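Asks: Taken in sequence, the protein lines are chains C and Z. Take the first sequence: its letter number 102 is residue 102 in the UniProt record's numbering, and every next letter is one higher. Take the second sequence: its letter number 93 is residue 93 in the UniProt record's numbering, and every next letter is one higher.
Hints were generated in silico from the structure; no laboratory data involved. Since we're looking at a predicted model, the values are computed, not measured. No false leads were mixed into what you were given.
Over the 10 Å line for every Cβ pair with chain Z, so calculated as not near, a few chain C residues: (1) V21; (2) I24; (3) I25; (4) R84; (5) I86; (6) H110; (7) L129.
What the simulated footprint calls covered on chain Z by chain C, stretch by stretch (three residues with Cβ under 8 Å from a Cβ of chain C suffice, anywhere in the stretch; the number is not a length): (8) 621-628; (9) 647-660; (10) 706-716.
Only part of the chain Z face toward chain C is listed, based on derived beta-carbon distances under 8 Å: (11) T616; (12) P617; (13) S618; (14) S719; (15) T720.
The beta-carbon is built from N, C-alpha and C at its ideal position, and this holds for glycine as well.
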Amino acid sequence: MEAVVFVFSLLDCCALIFLSVYFIITLSDLECDYINARSCCSKLNKWVIPELVGHTLVTVLMLISLHWFIFLLNLPVAAWNIYRYIMVPSGNMGVFDPTEIHNRGQLKSHMKEAMIKLGFHLLCFFMYLYSMILALIND
Amino acid sequence: MSQPGIPASGGSSTGLQAQNGAASASGSPYTNGPVQNALMSSQVSVSQGYNSQLPGSYPHLIPAKTLNPVSGQSNSGGSQTVSPLSNYQGPGQALYGPPVASHPVTPSLHSGPSPQMPLPTSQNPAATPMPSGSFLPGASVSSPSNWQYNYLSQTNHCPRASSQPTMTGNTNLMSPQYVSSGDSSLQNNIIKSGIISNTNNGSMVVHNNYDEIEGGGFLATSQPTTKNPTMSRSVGYSYPSLPPGYQNTAPPSTTGAGLPPSSLNYPSGPQAFTQTPLGANHLTSSMSGLSLHPEGLRVINLLQERNMLPSTPLQPPVPNLHEDIQKLNCNPELFRCTLTSIPQTQALLNKAKLPLGLLLHPFKDLVQLPVVTSSTIVRCRSCRTYINPFVSFLDQRRWKCNLCYRVNDVPEEFMYNPLTRVYGEPHRRPEVQNATIEFMAPSEYMLRPPQPPVYLFVFDVSHNAIETGYLNSVCQSLLDNLDLLPGNTRTKIGFITFDSTIHFYSLQEGLSQPQMLIVSDIEDVFIPMPENLLVNLNESKELVQDLLKTLPQMFTKTLETQSALGPALQAAFKLMSPTGGRMSVFQTQLPTLGVGALKPREEPNQRSSAKEIHLTPSTDFYKKLALDCSGQQVAVDLFLLSGQYSDLASLGCISRYSAGSVYYYPSYHHQHNPIQVQKLEKELQRYLTRKIGFEAVMRIRCTKGLSIHTFHGNFFVRSTDLLSLPNVNPDAGYAVQMSVEESLTDTQLVSFQSALLYTSSKGERRIRVHTLCLPVVSTLNEVFLGADVQAISGLLANMAVDRSVTASLSDARDALVNAVIDSLSAYRSSALSNQQPGLMVPFSLRLFPLFVLALLKQKSFQTGTNARLDERIFAMCQVKNQPLVYLMLTTHPSLYRVDNLSDEGAISINDRTIPQPPILQLSVEKLSRDGAFLMDAGSVLMLWVGRNCGQNFLSQVLGVENYALIPQTMTDLPELDTPESARTIAFISWLREQRPFYPILYVIRDESPMKANFLQNMVEDRTESALSYYEFLLHIQQQVNK
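Just chain C, with the same shape it has in the complex:
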């Protein structure tokens, strides 16, 4: 059972890593003027909810399977994701707003955020991998 949990987490984590990389690539495309703000934001906004769901799912799974340490590690990131989504002003077109993204260094902070998440997910990836192997051996 334990192994199944971690296999799932591992797969989910892979997906999240890919998503982070995708965010970084798209944002840096925007930075370099390869795409315009509108298409960049509509691309990214599509993936905000999948990211949120994917990450919340792992977090909840860890809570259910009583892995307290991993749950607590994931909690702040999951909370941030949800907070960010809820706090989008009513007039904005999503977390990434094409009219705002070039203002007040938003692009940079989005980029920084995506980088941090990538690092975090990589860390999680190895943790899940280790836990999974451990669980498989224990079985």
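Since chain C is already given, all that's left is putting chain Z on it; use the hints.
Replies: Using the frame of chain C, we list chain Z on its own:
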């Protein structure tokens, strides 16, 4: 189109003729030189070159020209194409005196044995005997006659010139044949026509060239008025190592003049600008510029010196640049930086606590604008900067970009200077002589053929709208201005009206009357017929007029109260998306049906609390639609005429992101509110007739190391520095904030360039380029010295609007106050050596607390119950969209006492004497009951008449018997036959002429409802919810001295 006319008198010869003269005299020797042939081949490409034709959209050009009695002469220095900006003095008019004496000299001069084209050395002997030693034919006057017509001067609009009989000859010459004119008859023709003005102009050209070589020094001493703007900047551009072929352009003759050779041959390169040794006269003239500095270095204790407001309009600070560069710099009205001395590092900028940013007014109506047509536009290969006056020429063939420092090649055709008609002078091309210039863009700058001007009007015709009666005024205005709409034969126009359904109007040619088509399916909007909804204005003018006449009556019986604005906008967008253009939407209530329906959010009893107000849009529908519009080059201008809350915060998005503008007329009613009616009519008049640019983009570039991080204004930022502007209008201003990314230690100058690419209403693709150059400084003191307090206040206002939307109004107010406190304490702690008591401020920032206090009391940021939400949001829109000048006037109006106007200190323009009363502080203590005071708040003028105002003023200016007879609403001064009336009217109309729109004058007496508005602008006084100026200063002092 344009034909250079040659006057018989020679009095008003155009720039071309001026050179005709010279060339014609020299005509024959040059016809067959081998060099010439080489040049001629290049000439073909240049030939459309300096096509100066200024289209009708610059109508002021003509008067500006005719005013000048010697307009012809003044052109000869620079052909009209490259006419200097208005602030330049007409070039070289005074030259006319002396050279006449040289009349006989010039022909011989030119017929001298000068076989090769740009080899004027031969002229030296001829020149030496000239009466005035200053006329040194140093540079090559010579150019083959057939070059002259490469640029057609806009002077051709000058009626005098065109009526000249010789014109025909010239018209012929305009045809391509002259390109290959070895034809002697043609040249004879030229000689004849040009002969009158020939000598003067010939010597004049010489003069200019000489001067360019010398940096204008010599000339300025001998006859200061003759200084030609075009020559001003050549200093630093003489090439120390010219290829042998070019050397004759400069040195030999100049040494002949007995000038110290040291003043020649400045080292080229970027430092060329900053060097000072320019000769005595230059020192003196630059001293006059420097004379500000002792004043500027003054430290002021604001608590002691209260009356800091200058009595004349505040002038922007002059960047501490060498005079020659400053002269070329962009007009501060167009392009302005908050810090005229750029701090070297971000750390220094952070220390100064002042915002760094630019304020732009790129599409301002200009009296004179050099327009250049050339087949290649010279730009930096790596950063795409347009060549500008602040680049440095490493040698004849290479120039170094002043933004990215890349070394670029000078293209072959840029070597030829159409102004002086000399080959090998790329640094004297108009592109390098004007900080503001417009290029005619070749086809590489078009993604599609230039669009036709398309105007679509969308009218709200619900019951509420009919009640206000706005349709009458708008349709009448449209009828009156139909012929004045900017456009050409391709202009298209269309109309849509809507209530709960959407009505289209088919204006097909041949119909006896407009046909109305109703679409009631607002869930899924479609266009009822593919064409004839947007029709060619010329072909269907009668139908359009018909429609405009009947439209106001068509809905008088309507009972429909709903408004389906969202679907109507969608329909209009669909109709316009194939072409792009301008959509003017008139709305009178909150949209209630279909997509984009809004709910009232304003709670009147909560107005006072700054926290709970809705400044953010409630839906993203309008933003999305605006971005769609922006993508299809459609701009939406919103006219909101509403008595009730209409959620401008949401509606305004449609204009904001599609680069439109917002107009707001609270409580508009055709009977109950005649003042608003008049305002609408005046503003519509301006709106319909002003210049317009379609499918525009603007890019702002700055020197490597600086980067733009925030943009303010109505547009969509498509990519990092590209602003998408479906429409651009001359009344829109923009602002950007910058940061210093990399240290600027190895550079002394930084430049900023804004390039606006647009399609004119005549279907031409044009690029308007402004370049601003500023010095870099390394100490805090210098940063403060160069602070531009108006620009800083303007940028802070923009930032505060953003802050109030993203955070809250009270946050924004705190941020404004903190901006003052932080910068003044930074000044106190680091720049002041001895700590004195009081509130010490640098001279440059002496008005900073006052302007910030004025901002806090401005409608956008004020607290208190008297501001309706929509009015507040409209004020915020205005902050973002207005050019700085008008923003400052609305924030801190000018107050004048007008009951005792006198001619003392008056200026005279066109034989009119305009009195110049001093500007008073905005405090009630400056008012008195026995006077009359005029307040100029940008878009409105308010004339407050005191109760005990002198009988003289009442009867002589207002034309009433006594105070009680002043009408309740009076918006015009009667034209009385008295000197007092004449003075007052002259003054008011002078104020009005300074701005493109028409501010309405309100005469206010004590009981008028407008009196509150008047007194509200008294920013130095205490109000129930805001501090007085003195209290504010005390508060700041307390914080600063903490």
